[in-house]
Amino acid sequence: MQSDGQRVPCFIELCCGSAAATLRLIGGANARPAISYQGAKTGYATAILNVLGLRSGQGADAVVLCDAGPWAKAWRLLTTPEGCNAVASVIRGWIGEDARALWDRLRAEPVADGWAARDVAAWLWLEGVSHPVSDSFFGELASHGQRRGDHGWGADESGRAMIPRGGERATLAARVGRALSWPPTIVSNADVSTVEPGTLPEGAVCLIDPPYKGDGTKKITGYAHDLSRAAVVEVALKWAAAGASVAVCESVALPELLELGWYSVEITDCRVGQKRTFSRCKSEWLTLSRPPAWTPERQCDLFATK
1 MQSDGQRVPC FIELCCGSAA ATLRLIGGAN ARPAISYQGA KTGYATAILN VLGLRSGQGA
61 DAVVLCDAGP WAKAWRLLTT PEGCNAVASV IRGWIGEDAR ALWDRLRAEP VADGWAARDV
121 AAWLWLEGVS HPVSDSFFGE LASHGQRRGD HGWGADESGR AMIPRGGERA TLAARVGRAL
181 SWPPTIVSNA DVSTVEPGTL PEGAVCLIDP PYKGDGTKKI TGYAHDLSRA AVVEVALKWA
241 AAGASVAVCE SVALPELLEL GWYSVEITDC RVGQKRTFSR CKSEWLTLSR PPAWTPERQC
301 DLFATK
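Residue numbers (the working numbering): 1 to 306.
Hints listed in this document are in silico derivations from the structure and should not be mistaken for laboratory results. Treat the hints with care, since some could be wrong.
In silico DSBU-like pairs for lysine-lysine, Cα to Cα no more than 30 angstroms straight-line [claimed, not checked]: (1) LYS213 with LYS282; (2) LYS213 with LYS238; (3) LYS282 with LYS238.
Turn these sequences into a full structure, and let the hints steer you where they fit.
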């Protein structure tokens, strides 16, 4: 685990989604994804870094982001100042347009193979104002002939469109336009089970936030590119064998890894901000390849002595 306060040589976030932990690491305590996102680790980002012996704003010499869904396409632009400015400019161009007309038009547009600034802007706005209801949302969205609305973007549980208010466009444009100073970053939309670590620098840290299976009695989250529990364990062991400090997020500690001598920390009560109201996942655990640098109980003891 890191403890000297220096930049992390390489921070890897697999199944990264909105990459909340990476943003917190490189951007500081106030860095957060541009939109709220189902399953995001925004509320747990600080606790996750603490358990890994890292701190907000510590920075990294290099970053690897991997996601098999739409976020990989978005991050290819949002990890560069030029990309952020281009996306923000598109969103600002929609300010003042009738919300209903904009909503219907964006949902009906075909999705291109390669996402340009307009595609990223449309996806961020549509997803940012309402949560998806279709499991296919988490899959590969860039297919010719499919409309954005086909993937459940911007629909409530009955399938009705959820028309947002007007002010959110200016807010989103401002958030996107505040680009971070990203270190050299590799972005991949590959299935994480197929990604090989290669040669990692000493001190590399790997965070894995896979589809949650819970205790195995029911499926908690659905991804079009799903990962079985066995695949998650295999990925974790692979990156640990390559030399990374590995942490796996789940609603339970992973017994398959604990049996191999791994460690676990529950961070459920460490969530900052809105609590999980509608999610079936009520607990949050980290399963770690190395001893935790911090635990919530230890934090309580420190506060009690002051």
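| said: For a quick check of understanding: which of the numbered hints are violated here, in increasing order? | reply: When the structure is compared with the hints, none of them turns out to be violated.
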